[in-house]
Structure formats: C-alpha cells, structure tokens
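**Student:** Going line by line, the protein sequences match chains A and B. For any residue, its number in the numbering used here is found by taking its place in the first sequence, counting from 1, and adding 23. For any residue, its number in the numbering used here is found by taking its place in the second sequence, counting from 1, and adding 23.
The set of hints was computed from the structure by calculation and includes no laboratory data. One or more hints might be untrue.
No copy is singled out in the list; a pair is fine if it fits within one copy or between any two copies.
[Said to hold, decoys possible] Pairs of lysine-lysine, PhoX-like flavour, derived with a Cα cap of 20 Å:
#, residue 1, residue 2
1, LYS244, LYS40
2, LYS138, LYS123
3, LYS413, LYS114
4, LYS40, LYS325
5, LYS223, LYS40
6, LYS309, LYS332
7, LYS172, LYS295
8, LYS309, LYS319
9, LYS244, LYS143
10, LYS172, LYS143
11, LYS120, LYS138
12, LYS451, LYS143
13, LYS79, LYS302
14, LYS123, LYS413
15, LYS143, LYS70
For clarity, every value in this text was computed on a predicted model and none was experimentally measured.
2 protein chains.
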Amino acid sequence: MNKIYNPGASEWLELLKRPTSTVNDIEETVNKVFAEVIEDGDAAIEKYTEIFDGFKPENVRVTSMEIDDARNRISQELRDAIHLAYANVEKFHAAQKTEKVVVETAEGVQCWQEKRPIQKVGLYIPGGTAPLFSTILMLAIPAAIAGCKEIVLCTPPNKEGNIHPAILYTAHLCGVTKIFKVGGIQAIAAMTFGTQTIPKVYKIFGPGNQFVTVAKQLATKHNVAIDMPAGPSELLVVADESANAAFVASDLLSQAEHGIDSQVILISTSEKFMDEVEKEIEEQIKVLPRKEIAEKAIENSKLIFIEDKEVALEIINEYGPEHFIVCTENDNYFVENVQNAGSVFIGNYTPESAGDYASGTNHTLPTNGYAKQYSGVNLDSFMKNMTFQKISQEGIRNIGPAIELMAEAEGLQAHKNAVSLRLIDLNK
Amino acid sequence: MNKIYNPGASEWLELLKRPTSTVNDIEETVNKVFAEVIEDGDAAIEKYTEIFDGFKPENVRVTSMEIDDARNRISQELRDAIHLAYANVEKFHAAQKTEKVVVETAEGVQCWQEKRPIQKVGLYIPGGTAPLFSTILMLAIPAAIAGCKEIVLCTPPNKEGNIHPAILYTAHLCGVTKIFKVGGIQAIAAMTFGTQTIPKVYKIFGPGNQFVTVAKQLATKHNVAIDMPAGPSELLVVADESANAAFVASDLLSQAEHGIDSQVILISTSEKFMDEVEKEIEEQIKVLPRKEIAEKAIENSKLIFIEDKEVALEIINEYGPEHFIVCTENDNYFVENVQNAGSVFIGNYTPESAGDYASGTNHTLPTNGYAKQYSGVNLDSFMKNMTFQKISQEGIRNIGPAIELMAEAEGLQAHKNAVSLRLIDLNK
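Produce the entire structure from the sequences given, and follow the hints as far as they go.
**Tutor:** Listed below in structure tokens is the structure:
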C-alpha cells in the first residue's frame, strides 16, 4: 500500500487526486440512443434491451403478478431485514420535513416559502450480479414522503427477462408506482423523453455504470434534473490508537470491494496504528469473494501519516470525502470542524456499512470532491422551494417608493411603472 | 398579440414552447478561454478583458478606496431604498435557517442531519447599461447568512475601467469579500479554475448573457456547481374580471422589457378582460424607454382564454412559469394547487417587481420550465446537507444482523464483514 508521511501542502493536490476516466467516446453512443428513443419510443427501447441485455421484451412493464411472486422468492429473514432498514430510513427522512416559512417582511408585505413535491421522479437501479435493493430504500422512501405523484423505477432484466425478487419486493414496499425492465442508456432516455409506455420524469436519481452516468449527465441538457454528478465511491478514515485496527481495515475493505476505481484513504496521527491497519488489510482481503476488485482499489489507496491534527483536518476538507469515518481520542474536533464530507461515521461501532443499509441515513452521497458543494440525497432532493407573496394596499405604500427608485436606477422603467400605477390609483 | 381560445390539450406543447436559441457555436469560444485561463491565469484574464471590455486592467481587484468613493456617488434616496430592500431580503432569508435534525432511529443508533455552508462561492453580476445591483442583494445576503467564508464577486468594467457605484456600494453592504473587475467568459473561468489573483470557488451564482450562461454550464464539467440552468425570463398571469387590467398590463410589460426573448402569458377566464388588457398594453407600451425590446417580446407572447379553471391550472402546471401572478376571485384555488412555479404573486397590489427588488423574496428563479424540479435561490442554495451517525455497542447489536443479511444478499461480503467483526468482538 502507498504510505505517505507528513506530506507538504504543495504535494496535496497530487496526493488527493482521484482515479478518473474519460467519457468522450461514450457520449456518442448515448446521443445515438437518445435520438432513436426520441424518434421511435418503445421500439427503440426494445431494440436496445435486446442488444445490451440479451432479452427481447414483450412488455417492459412489471406486472402485479410478478410483484406478488417476488415476495415468495426471498426469505422471511431478508424481508425482516428490509423492513427494519425501511423503518429507520423512513424515520430519519420523515424528520426532515419542514414547515412553511412565513414572514411579514414589512407591514402589509406577507412572504412565505413552501416546499412542494417534484411531481414525477425516476429511479435507476443497476442490475447484474449485485441487486442493489438498498438503493431503492434510499430513493423511493424520501420520494414517497415528499409526495411525488409518479415514482418510476427502471432496472435492467437478466437474459431471461427477470428482475431480482429483492428489487421488486423493495420497490413495491416503498410505493414505487411503475417498474420497468429497462436498463442502461435506454432507461435514462426513456425517463428523459418519455415513450408510449414509460413516462417522462422531471428528475432522475440513482447510480449506474459509466454508460448510465454519462447518459444522466447528457439528460440534463433536455430539461431533466439529476440527483448529482457521479464518481467512484470513496472513504476517508481518520483514526489514532484509540481505534481498532481490525475494524478500520474492514471498513476500508468494504469500500474497496465496490470497484477497482474506488478510493480509500487512512489518515492517522500514529505510524504504529497505520502499520497495524496495513497488516489487517493484508489478512482480511485474502478471504473476500471480491478480492480481485478490492486488491486493485487498494493499490490506488493511501495510508497517510500526519503528525498534526489541524493539518489532518485541512487535508480532509481539501479532499471532501463521500464517506468520512472518525475514530480518534477527540472525535469532536473533527466532527465539529469538518466542512466538506457527504456522511460522517463516528466511533468504533459505526461502520460505513451501517449507513449503506440500515441506520437510516441516505447512502446516495456526493463523490469526487462534490461534498464541497452538493448535499447527499435527502427529503429536499424530491421537493422544490417555492416562494409566495401577498401585498396589501398598505404594503405597497410601504415598499413601493423603494422599488420605483431601484427600478429606475437599473434602467427598467416598466418595472417602475407597475408600482407607480398602483400607487397613483391608491392616491386617487 | 396572439390570442388563443380554449386550446385543446394536443395543442399545449406547441403553445407553451419557449423562444430558445442554440449555443453550439458559443461552446468553442468558451472552451478556448477556459484553456487559456487554466494555462496563463491572470495574463489570460487581462487579455480577454481588453478584447471584450475594451479596458486593459492594471489590477482587477477593486480597492477599498474605490468602494469608499462609490458611496458618495449614489444618492441618499437610492441608498435608503437599497437599505430597505436589504432589510426585507435579510429578514426573509434569515427565517429560512433550520435546526439540526436529530433522530435516534433505533436504540443506540443516533443519526443527525446538519447544514454547513459552502465555503467559497462566486457571484456574477452583469454590467452594461443596467447595473443589476438588486441581484447582489439576492445572492450575497443569503451567502452571508449561510456563513460562506469567501464571497467573490465578478462584474465587467466599462471602457474606463469603472464599475457602477451602486454595484460597489451594494456588494460592500452585503459582505462580499472580494470584488473583481472581470466579466464574461473570463470571469466564469477565473472563478472555476482560480488565478494568481482570483480565487477558485465551489459554486457560481448569477445571471448573464449567452456567453456567461454557456460558460457556467461548461464550468460544471470542472467540479464547480452552478445555481441553476438559465433561460429567458418569463411571467404567467392568471386573471379574471376581479383584476385590474391596467395593473396586469403593467406587470406583463415589466417582464417584456427584460429582453426580446422574454415571454409573457395571460390566461383568463374572461374574454372581455383579455381584450382590456390587450388595449392597456398597446397604450402603456408607447411611452416605455425600452419599447423596442418590449414590443418584440410581446410578439412572442400569448393571451389565452380558458373557460374552465381546472384546465387553466393544468396548463399552468404544464408550463411551470418562473413568475406566476394570480389575480382572480378565488386566488386560493390557484395558490394551493399550483405545483410548478418559481415565485407566486397574489392579488392586485402584488406586482412582480416587488419580488424583483424589495419584498424580501429572491428574484433568482428557475426559468424554461425548470420550476418543475428546481428551487429558486434560497438560503439552502449556499449550504449543503451533511449527515452524521454514532452507533453504540447496543446500537450495532440492534441493526447489525439486518446489515449482514442485506449486504450478503447484495453480494457485498466485505460490507458484511465490517459488521460481523464488531459483533464477534462484542460477543467475546
């Protein structure tokens, strides 16, 4: 593993660089599929499902029979686990509801701010070997709490045209209104432009491979919003000798198994602890089923020794990790002063996987340094703020003259007139 | 003016089309300037300021002497007006502060959500004949309330290298930390990449011409966020005979004077009222200084008669206007049921220009139908939501087994291990 000792500030930029990849050649494919879906609708969806997923669908909409059936194809144990996670995610996101903000800014000038749901949202859930039903909890639960009217879910079928029962079960549990067996670029295209069968939505959420990521980016050129820009998953741990080296190693590995481009960083004020973690990683990695992936990710990763906790904090804020585990004698110092992180995990018994599945916090978080300016998915991601105002005769008398002066100074006479006409009328 | 009577749903799409323009040829220019600013920093900024603004700057940073001087160059009256607007905007945005959301989702599982300020933000304020100092109030006041550390403002100088004193005065009043005499693409490039003099920021706000708009869009490819996608300003009024035709006409014109691509729409359940508004527009437009602009915008605009208020509501939600004025006998019907609008103005004495300047609400709002999924600028635009969690030994015992099951079902063994190790340790 890469071990770095007290790096100087001039080395930070290089040190904190994320593994990235280019997307230009993918853009062409995306634009081609987009154009065909605009032109041919469902026919294009069917065509690309056959090409990319090896399955020719008769009907891409999942039926209620398939949903009923899914329930019986997963164990009672797993259903119970999903329900436990559901309850916690529901509790945490329901608590994020806010009241109307009502302010009489000046006498007779009533202003308020109110959140209303985005009417139509689309969720993308990747398929493949790992059925990410946990992501459905993270997206569909807040969408339902927000009150989104249409919650569409697209996920690719396997070669037999089936979807993993845990995905169907969770989607149904969370109140998804329509499920479609469509994946990849064609799914993003369908939700962006709409087809005869699949509704156009206003905002698309969810993870995906490079094709899906680029398709989501390009969709934003067509009046659709997306949850956030995507990048490989990442974890930064700050830990000292008060932490448990085996636990820290297991957390770093849980991040590393996501993909070969995942990045994990340990910052420690103890060289001894750093060496212990390294040894633990070498041991634990041996028995992992996704060992080869984790090994590649670990190659990109760094153990950084930093003597001074102020410097450690600075480098953490410069990096802006998606996941940030704090396990030090003085956790509060980092918890209170971290400015840029997606989600923060505190103490020896708070593994990142708790937040990935069942503690209640959301696992859709900003990667690639976007924690500096983006929120993770939360209840507000499914709503928009609207403002309202109602001004009385007294109100316009109070603020009208100021509006006239400012509009005039900005050279916008018609803006002034709209007030003047009213003031003249009131003085009649 | 275009008058339409009871349009059928199949005509809506065409009817609600916005005037748009292509940007592809601008992209090339933007990429060229970006590349030079990355390469040459300040030197590129100076070069393009000379080319585009006709002024060769020695020092692009505004000095405190210039700021002191600005105060004396605007009237006491205008200063008072700015202070009145400041107070209202401050009051409304300060009221948007929210508390930490703390939830114990399961026993021993403490989760919380907290907003922290985006550390560095950049504001772009256009120059030219109309100095938009009101936009500074709308952007810098919430930035300061949020607690952003660095609030940078870029605005183009005139040929003498000066900036309108109202801009300098307002920026200083609102707590902008650094003001630069830089405009256009080069300003967006500077705030995206940073130069020797101008700091890199994490999020860029503010309006601008086509060049600025495209530059902001492309900046998002370089780890910067922007406030929202931009488009021409627009207003939709729904009014019946309880409204004042002269007032409604003045509101439509105040929107129309923004630019030839502005769009104004009146929807009315009264043909007679529609005709009155048309007559009033024809009268009032004659004396406007920006008459030519307003006339062009009015050509694009529509008066739509719709008999049925349910249909009117549906078409309004389909359009998703940036500004929405409601002036009907039963305002509540529209106010309560509108789902897609940036800001809503209610009643005869609530002109849109009140919200543009001084009522307290923000005037940076989603255009081009983006009210369906975007909020206008508000306090949260300058912050990001972060989540935190701290799990006790009891807590991990409570939710650990569910995490193990779910991680296993998703094929992520290392995620499971991170929990198993802790549970085993606790059972020792």
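**Student:** All hints are to be evaluated individually against the structure, with a verdict given for each.
**Tutor:** Taking the hints in turn, this is what the structure says about them:
no. : hint               : verdict
1   : LYS244 with LYS40  : between (28 Å within a copy, 16 Å between copies)
2   : LYS138 with LYS123 : both (7 Å within a copy, 18 Å between copies)
3   : LYS413 with LYS114 : between (35 Å within a copy, 16 Å between copies)
4   : LYS40 with LYS325  : within (11 Å within a copy, 52 Å between copies)
5   : LYS223 with LYS40  : between (37 Å within a copy, 17 Å between copies)
6   : LYS309 with LYS332 : neither (33 Å within a copy, 68 Å between copies)
7   : LYS172 with LYS295 : neither (55 Å within a copy, 37 Å between copies)
8   : LYS309 with LYS319 : within (13 Å within a copy, 71 Å between copies)
9   : LYS244 with LYS143 : within (18 Å within a copy, 26 Å between copies)
10  : LYS172 with LYS143 : within (6 Å within a copy, 36 Å between copies)
11  : LYS120 with LYS138 : both (9 Å within a copy, 14 Å between copies)
12  : LYS451 with LYS143 : neither (48 Å within a copy, 50 Å between copies)
13  : LYS79 with LYS302  : neither (49 Å within a copy, 60 Å between copies)
14  : LYS123 with LYS413 : within (15 Å within a copy, 30 Å between copies)
15  : LYS143 with LYS70  : neither (26 Å within a copy, 47 Å between copies)
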